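Chains as they are written, first to last, in the working numbering: chain S, 54 to 164; chain X, 779 to 899.
Quick caveat, the hints were computed from the structure, so don't treat them as lab data. Bear in mind the structure is a predicted one, so any value in this text is a computation, not a measurement. Hints should not be assumed to be uniformly reliable.
What the hints assert, rightly or not - Computed footprint of chain X on chain S; a stretch qualifies when at least three of its residues, placed anywhere within it, have a C-beta under 8 Å from a C-beta of chain X:
(1) 61-72
(2) 85-95
(3) 142-155
C-beta atoms are modelled at their ideal positions from N, C-alpha and C, and glycine is treated no differently.
Residues per chain, in single letters:
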Amino acid sequence: QSALTQPASVSGSPGQSITISCTGSSSDVGNYNLVSWYQQYPGQVPKLMIYEVTKRPSGVSNRFSGSKSGNTASLTISGLQADDESDYYCCSYAGTRSFVLFGGGTKLTVL
Amino acid sequence: EVQLVESGGGLVQPGRSLRLSCTDSGFSFDEYAINWVRQAPGRGLEWVGFIRSKAYGGTTGYAASVRGRFTISRDDSKSIAYLQMNNLKTEDTAIYYCTRDYVHNWAFDYWGQGTLVTVSS
Chain S
54 QSALTQPASV
64 SGSPGQSITI
74 SCTGSSSDVG
84 NYNLVSWYQQ
94 YPGQVPKLMI
104 YEVTKRPSGV
114 SNRFSGSKSG
124 NTASLTISGL
134 QADDESDYYC
144 CSYAGTRSFV
154 LFGGGTKLTV
164 L
Chain X
779 EVQLVESGGG
789 LVQPGRSLRL
799 SCTDSGFSFD
809 EYAINWVRQA
819 PGRGLEWVGF
829 IRSKAYGGTT
839 GYAASVRGRF
849 TISRDDSKSI
859 AYLQMNNLKT
869 EDTAIYYCTR
879 DYVHNWAFDY
889 WGQGTLVTVS
899 S
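Looking at chain S on its own, in the form it has when it is part of the complex (with noise of 0.2 Å):
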């Protein structure tokens, strides 16, 4: 099963909203309400940000939104900060077959 598919890069100015989207299929975003995001800046440890496609852990700004429409998972950031120039990767459950899926990653440039 291949990758989800991400765009490669996305950018905004500061205070704008920006929306990266997740596009997978009815095999693993369309199926299950098991979305995540992460965001990675260059030579860190990836983070997670957002759980089961809407929910935010502890710590994350709620600037931070996710949300999914058929096959499609998206993460929203509003408000974009200098600071939120990083990667971001979408993560999917795929059933028992191919388990997780992880999207190709985007990256995100505040202007």
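Here the structure of chain S is known, so what remains is to put chain X in place on it, guided by the hints.
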């Protein structure tokens, strides 16, 4: 405080084996699933495999790219998990991260710092 620490990485020739370890200095190691995730240099994240807690059956699962070559196990008495990697290939070169899935919901809330595995002749 959960603190996952990987060890065992290094340089290995193609076709050889390597065993990675993941230890947790905190508590409740036996309660959560462990997933291994890797990242090739300059590339994205790739899921490798998992082992559930004993309470969830202790079952394992693997990505197609490593199935039949990699094996995950755990020793809860020592708070340690292992990733046994056999018949290594150059494309297995990556940083290998040990991650925690506390509620078995396929979300990885703690990550180790990673250990680099380089497969090269």
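Tested hints:
Chain X is given as covering the region 61-72 of chain S, and this is violated because 0 residues of the stretch bring a CB closer than 8 Å to a CB of that chain, at least three being needed. Coverage of the region 85-95 of chain S by chain X holds [criterion: at least 3 residues with CB-CB distance below 8 Å; count 4]. For a cut-off of 8 Å, the count of residues in the region 142-155 of chain S with a CB near a CB of chain X stands at 10, and the three-residue condition holds.
Violated hints amount to a single one, hint 1; each of the other numbered hints is respected by the structure.
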